[in-house]
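Asker: In case you want the letters, here they are:
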Amino acid sequence: MKKLNRINDFVIRFANVNGSGSASANNLFAKAVFRLGVPVSPKNIFPSNIQGLPTWYEVRVCEKGYLGRRGGYDFIVAVNGQTLKKDYEGLESGGYFFYDSTKSLTEDYTRKDITLIRMPLTDICNREIDNPKLRPLLKNIIYVGALAYLLDMDFSILTDSIAKQFSKKPKLAEPNIRALKLGREYASEHFAHTCELSLKRSDKLAGHILIDGNTATGLGALYGGATVAGWYPITPSTSVIEAFDKFTRQYRMDESGKRKAAIIQAEDELSAMGIALGAAWNGARAFTATSGPGVSLMTELLGLAYFSEIPVVLINVQRAGPSTGMPTRTQQSDVLACAYASHGDTKHVLLFPCDPKECFEMTAESFDLADRLQTPVIVMSDLDLGMNDHVSMPMEWDDARRYDRGKVLDRAALDSMVRDWGRYLDSDNDGICYRTYPGTHPEKGAYFTRGSSHDEYAAYTEDTDAYKRCMERLSQKFETARDLMPASHIQINANAGTLGAVFYGTTTNAANEAIEQLGEKGIVLNSLRVRGFPFKDEVRKFINSHDQVFVIEQNRDGQMRTLLITELDLLPSKLISIAHVAGTPIDALSITRSIEALLIDKPKPETPKGGAA
Amino acid sequence: MKKLNRINDFVIRFANVNGSGSASANNLFAKAVFRLGVPVSPKNIFPSNIQGLPTWYEVRVCEKGYLGRRGGYDFIVAVNGQTLKKDYEGLESGGYFFYDSTKSLTEDYTRKDITLIRMPLTDICNREIDNPKLRPLLKNIIYVGALAYLLDMDFSILTDSIAKQFSKKPKLAEPNIRALKLGREYASEHFAHTCELSLKRSDKLAGHILIDGNTATGLGALYGGATVAGWYPITPSTSVIEAFDKFTRQYRMDESGKRKAAIIQAEDELSAMGIALGAAWNGARAFTATSGPGVSLMTELLGLAYFSEIPVVLINVQRAGPSTGMPTRTQQSDVLACAYASHGDTKHVLLFPCDPKECFEMTAESFDLADRLQTPVIVMSDLDLGMNDHVSMPMEWDDARRYDRGKVLDRAALDSMVRDWGRYLDSDNDGICYRTYPGTHPEKGAYFTRGSSHDEYAAYTEDTDAYKRCMERLSQKFETARDLMPASHIQINANAGTLGAVFYGTTTNAANEAIEQLGEKGIVLNSLRVRGFPFKDEVRKFINSHDQVFVIEQNRDGQMRTLLITELDLLPSKLISIAHVAGTPIDALSITRSIEALLIDKPKPETPKGGAA
Amino acid sequence: MSSRRPVFRHPNLPKNDLGYTRRDYEGLDSTLCAGCGHDSITNAIIQACFELSIEPHRVAKLSGIGCSSKSPAYFLGKSHGINAVHGRMPSVATGANMANKDLLYIGVSGDGDTASIGMGQFVHIVRRNLNMVYIVMNNGCYGLTKGQDSATADKGSSSRKGRPNPFEAIDLCETAVQTGAGFVARGFSGDKEQLVPLLKAAMGHRGFALVDVISPCVTFNNTPASTKSYHWARDHMEATATFDFIPSRQEITTDYVEGATQNVTLHDGSVIRLHKTDNSFDVTQRWSSLEAMEQCREKGQILTGILHVNETLKDTHDILETTDKPLNTLTEKDLCPGNQVLTKISENYR
Amino acid sequence: MSSRRPVFRHPNLPKNDLGYTRRDYEGLDSTLCAGCGHDSITNAIIQACFELSIEPHRVAKLSGIGCSSKSPAYFLGKSHGINAVHGRMPSVATGANMANKDLLYIGVSGDGDTASIGMGQFVHIVRRNLNMVYIVMNNGCYGLTKGQDSATADKGSSSRKGRPNPFEAIDLCETAVQTGAGFVARGFSGDKEQLVPLLKAAMGHRGFALVDVISPCVTFNNTPASTKSYHWARDHMEATATFDFIPSRQEITTDYVEGATQNVTLHDGSVIRLHKTDNSFDVTQRWSSLEAMEQCREKGQILTGILHVNETLKDTHDILETTDKPLNTLTEKDLCPGNQVLTKISENYR
Ligand SMILES: Cc1ncc(C[n+]2csc(CCOP(=O)(O)OP(=O)(O)O)c2C)c(N)n1
Ligand SMILES: Cc1ncc(C[n+]2csc(CCOP(=O)(O)OP(=O)(O)O)c2C)c(N)n1
Ligand code: SF4
Ligand code: SF4
Ligand SMILES: [Mg+2]
Ligand SMILES: [Mg+2]
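Residue numbers (this note's numbering), protein chains in the order written: chain E, 16 to 628; chain B, 16 to 628; chain G, 3 to 352; chain D, 3 to 352.
Keep in mind that the hints are not guaranteed to be accurate.
Below 30 Å or equal to it, Euclidean Cα-Cα: the simulated DSSO-like pairs (lysine-lysine) are [stated by the list, open to error]:
#  : chain 1 : residue 1 : chain 2 : residue 2
1  : G       : Lys327    : G       : Lys80
2  : G       : Lys327    : E       : Lys422
3  : E       : Lys459    : G       : Lys17
4  : E       : Lys422    : E       : Lys219
5  : B       : Lys196    : B       : Lys179
6  : D       : Lys327    : B       : Lys261
7  : G       : Lys335    : E       : Lys422
8  : B       : Lys589    : B       : Lys556
9  : G       : Lys316    : D       : Lys157
10 : G       : Lys327    : E       : Lys273
11 : G       : Lys301    : D       : Lys327
12 : B       : Lys261    : G       : Lys157
13 : D       : Lys148    : E       : Lys101
14 : D       : Lys316    : E       : Lys273
15 : E       : Lys275    : G       : Lys103
16 : G       : Lys335    : G       : Lys346
17 : G       : Lys316    : D       : Lys103
18 : E       : Lys148    : D       : Lys148
19 : B       : Lys483    : D       : Lys103
20 : D       : Lys346    : B       : Lys183
21 : G       : Lys157    : D       : Lys103
22 : B       : Lys422    : D       : Lys17
23 : D       : Lys103    : B       : Lys275
24 : E       : Lys183    : D       : Lys148
25 : D       : Lys103    : B       : Lys422
26 : B       : Lys196    : B       : Lys148
27 : B       : Lys459    : D       : Lys17
28 : G       : Lys148    : B       : Lys273
29 : B       : Lys215    : D       : Lys327
30 : E       : Lys459    : G       : Lys327
31 : D       : Lys301    : B       : Lys261
32 : D       : Lys157    : E       : Lys273
33 : E       : Lys186    : G       : Lys346
Since the hints were made in silico from the structure, they are not lab data.
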């Protein structure tokens, strides 16, 4: 048998039971890799349940810097009896199977192509740890200690991490450090030269941070100046609000200890959106965060915000649908539901962050865009981005930057107006009109906001022409939005290339890696990462200048492909859907394979939706 | 001045104040035209308000049988002071301006190209009708009497209508008939040879009926075997339920006077859809009816029905959006909202009736389709179809027809099963599985229905493969649905024609008329009327076999065009949107003009969305 | 319909403390049916605001959807207003209030808008004690959709449709008191004498103030068999203790008989002086309020007047401990911690 | 996780009147946290159905979304069930019941599912008096989303998150009684002795039966400062009159002291015999029920037991006057009037 022998390039998986405290131990490991300066991408694969069901934590270590999921695993810490067999069978050939040998494996564990690493974790715990309450937790720390030895890690990274973590309660650090050492010692005694995977300090990460997208989103809302949030708990969006709550308690307190923010846990999502909308109408920056089911419930109010032109921000942390679907799995499947949310002719502005830094930036930016465009802006995050830790460049804020509150008339502006003000009068010919906040002026600028048809002066109307003017102006405003969208990321690998790839959000890392893999095989693709909707002109140009474009995304129906075709009037046969329908984050290899297969087996124009990763 | 001189071919408009009882008088007139055997299409243009605002009733009389709106009006009964000037100005040259001359016109009524018909309606009422309470109502009847003379109508048609209407209370007929006569007498004394429009008995209508779409829909639900309806009032869908209620009280009573139907006015649309869904889950045929805002609110539950495969029927009587929009105006703007309703990857079956007969048929059929496909079916009616009277072929029911309850296992079937039953096991390979109703069998066939991911045996799962199998089976089921959709109506006017038109629902009449108008100018179009979604194969074939296809519809964004392109992978530049963004029913002339303009000014491929009717 | 009516000011119209005439508190012409109860309530709102010298532009008007919800267009034309979607005014009001605690929020809703589609939001806005006046124009039916029974229609009551309503009525005042509202009153559109001071008192209260007003729908629900008709309401009204509303600026005279009145001082300093009678109850006690309402209900009477007041409750801002300045006036300086802090925050993620 | 557990039948297990063992009423293994109150309630439901000899397949189980709403998968594995979306179980139950009046409908919901997102639907299902047993597994928090306060969390109570809840609690029993429910009871997951008969009585009632059960969330809301914790519930439980549940088949013995008990005969013929004590009240009187609940609430006690019964109310089918046969069994012949009638109908449109 040939053992896998690699430095800083492998996948390690932890198979645990949820509610058993494994998360912090596994995080400790991932963070240690990060602190070693090695690019790392942890993925938590957890059930929609609180305690007792299988959960996996997968850590990809990749010196080269690929941060998407790789697929497969080379090392498994298998400490969940329920999934032991499956975990065993899924291991890559040449890999390492680390398990709690307190209970021995049954006879059907017969693989010859892997290395077993037997560690009697439970026994060690029972023997070494006096307090039985601490045992389940520390068992996890023990295996991290063992890993340090097995992978030849700098041990101080781990102990420092623990010390940092418990800096405020150093007493608690002690048993953890002891557990780490217990693990390392046992391993050094029993597993010398067992494992040929290793982790070396590197310099691939300079200035980077390791953070989850939802925390960055919450920070973005803080920096973007949000003051009102209405929300309703739903996985995986809850932690956006938790982060905003935490940060406002730190950075938004006035002298008297009162908060410069109002966060309301609403009774449901209709109310959450209503709260955000009401606050935005009244001149505060306001938002809500939710996931699929919540988006469906907010549909009617999104239509009101669109038609009455209220700048509200919605953070949609997508999860696997339809319906309740898989609440703890990731997906990019609300693209159409968000782009066209609500009955009637409606279209919404979408932003697609791909990493925590963009979560921060786009969330902060979304408030400017919403205010400028006076329309809802939806930030399309997802569970993978929102709830997993990601290596990211640090967030930055230009202190010279000023909030763009858009076209708002204050008292002085109203006083100095010469001609009649009309709330929906398009005096700049960009589809965007001037608004006023309630309470501004004793005599001027008051109007009645409504979701029913209105004329330029905000008066109710059923007049065909007035209605049509309003609807066409809204279309024009959407054109204005196009120019304001963040630029696409375009990468040209072959100047006269005929093949292109389009993707967005959390598909980015895997797609980029797949493009490199394909490049190595002589298949050169140019790529464009979509960052906003309505699509900027460069998107059309990019697609038009290629013969075949693969649209890579994480949903069944190729929703971004649909949106591209209809909104840019593209030739559908040119756009080939690479759709990942799994609920787990997309990986490079399956993209590579799908594209290869499609290119060999050249698609006929009639069946362009050929690929499925 | 040349007076308009036409027989059975003109448009007459009534300008009234709502809540003044004009509706029944105007109906009386339209019905009389119908009873003369002349094709007629009345359109009620009313405000979202109960009393005191302008309302118009437009009656197109057309011997040739065009039933769409024509545009313009040749004769106006102008009895609303609020709109008098506008009504005056809008009249076609050569037309007739009939008004209540009790109050004389001001000096700015200076048109020379029209004929004024002065009738002191109020004076006549005050003089001739003793009971002041009856005056406002009978004033309307008086002008109908005058019209009878002016248009040279067979007077007995009107008196018979009145007699029929009040057959149960003949006493009430009397003052009405007297009012009719008053009107006729005054006209005959004062308006001899004034009007050159006339109505002659014809034989164009044989066996036809004059009925509104919502009544036909309600009947369709009765015949289709619906037993449970959950609903919430909203214009223009309310009368669907009112009709169902009325018909079940007539035809669904058991011997003891109890009803074989349960109709629940819910507290909102979420509940209305929940009721329909719960009943359908439990084996009853169930439905709800709503309009745009309600559809938005039902979005989440539609997703549940899609994913857990519950056969529920939704009647969407569309109105002008977005948001509250124009609640009493018509539109076809919920196509995308319905086709893709709900977050996640979802698609829904849609039916597009174009006249009352199809409302009846498709509603009845929708229950079969929902049961067969175990998925929501949405009947896409609209305000014009639902609330206006239409000349229609009579409804028919084949007594040999049996309800298709789809794949349902009863107790005997469960007993005789050899292999394990799984609720979501696709044993027929058509994507449709076998269901059981609760309470069927003491030991077999029970399962837990859920909107979360489930395997073939309905067990909760987060397994990637099981999830994927389920999602792909649902796609396959949608393919099965394709074949079950009603056939498109295709009309080939030129065998090797290069121009085509696609339309649906209430756009049909105007589109057909426009095609004839264009034909007369040498522009020959073939046409296809879409009747269901997913689109049958013939739709793709039709479009592919033409160079340019105009998609004619009543919304801003060309929603059907979008759906066609994405679902059939069509070349967008080939599909040209003729979009009517008014809220009033689409008319032939503007379609004709748009198409003509587009053909002269040949569109470049980059800007295919050229037309706007 | 034009959105602006000709401005014609009579020089001798009476003015209030701010120098405004009553006309300054009016809005567009109503488009409701002639005689609709809602228009009377609109007039009472105008009167109350005028008499209280409220700055018109410091009011925000909110409503849902329905005939009732149209009425904010007909009063306070100098105030901003918003028509939410059906049943969702409470949440929109909550957001609006969070954004600016300094305006007076007047919400108008219908019985359909509140007791059916809006029931969930209504209960929760009460629970949060949002500082606003919430007026229900209660006609027991869905006016705008042509007269269906609403959830406040009494059992057995029948509208123009003719079929007696078979379901029990929801009493929004009971719901509000039970859920902990600090101000609950009921009026009748036909009794302006009582309604105007009720509205004034509600405006003086801090926290959620419900004013449920029986408001006959003359078109669909004014039949003899309807318990929301004019006649029925007039004949079955049972007023609680009558009261005087004494604005904060006015001195309180002491010429009353000891024990015969009860004074409740409202947040803005104004006082409600309740005149006790034999059958009056202590409106400051939640439980007596509920009992009094129940008793009337059982007797088929409509209890009107101030049904409950409690001035000790915290409003939503108090509960959330938000800063004193309206949130919508905070600037970048107040809100954005700047790049240095961000760098420090980033440190935690290394 | 497999959907089917191995069927192993012990030959000597006790059987009920139908010949079923208790195991026939069980479902899948629970995936809730070890010690979760919800599992105890699940067991009580199993016990009640077993003891009442309910035909398992004649039950339909319904729930919303939440830990609590998962539990129908863990009882009555031979019954059909449906997980609605969050908060919408009441409407789905309404439709289901309309389709087939002959099944026993058992709904399970959480406090989040009912008192927050489901509040509107809850009030309206009570108002319609749908014939079902509606069980709220009430833990004062959102278990499945990790412990946020729910609307039934008492003011000042704090969960593992540590911040005392600043809002007033909604008491679903009070809401139900006030809205006119015919059967309202409260239990505690830790008191099976009381809970099983409560559930049985609820199943015997015709119309809407609410059983609100305090059900501690051991993971997020079992702290000493939580009023929904085991300890708090045990220490503050105040039972109303104790009672015996006497199934319909059992003869009622008369060995009780005159005046010391009150018998209420339920729709299915079974009887609740309430033992009066000094502080007991008349549970058949809506008003005394409310008063008793309020009093306990003010004292910081949790009143458990049967809080209100009224056997005289019509259920939704009665109110709507639907035919006796379940609607889902009607055939074309019952439903479709045929072409001849259609031709006649068409005549009216000529
Ligand atoms: C979501 C939604 N559902 C239904 C409607 C239709 N609708 C408009 S007003 C109304 C009811 C109004 O009743 P109420 O609130 O009592 O007001 P009223 O007209 O009686 O004053 C309804 C159901 C709507 N606009 N939106
Ligand atoms: C529309 C929607 N919003 C939010 C959620 C997320 N969610 C799942 S369970 C739950 C609350 C559960 O609380 P409760 O009903 O009290 O049940 P418990 O878990 O406490 O038993 C929420 C908010 C959802 N599934 N659907
Ligand atoms: S319909 Fe009724 S509620 Fe509406 S405006 Fe007319 S009278 Fe008032
Ligand atoms: S989280 Fe709480 S409610 Fe949910 S299963 Fe665990 S203990 Fe029960
Ligand atoms: Mg009303
Ligand atoms: Mg709970």
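Asker: Please write out, lowest number first, the hints stated earlier that are contradicted by the structure.
Answerer: 4, 11, 14, 17, 19, 22, 29 and 31
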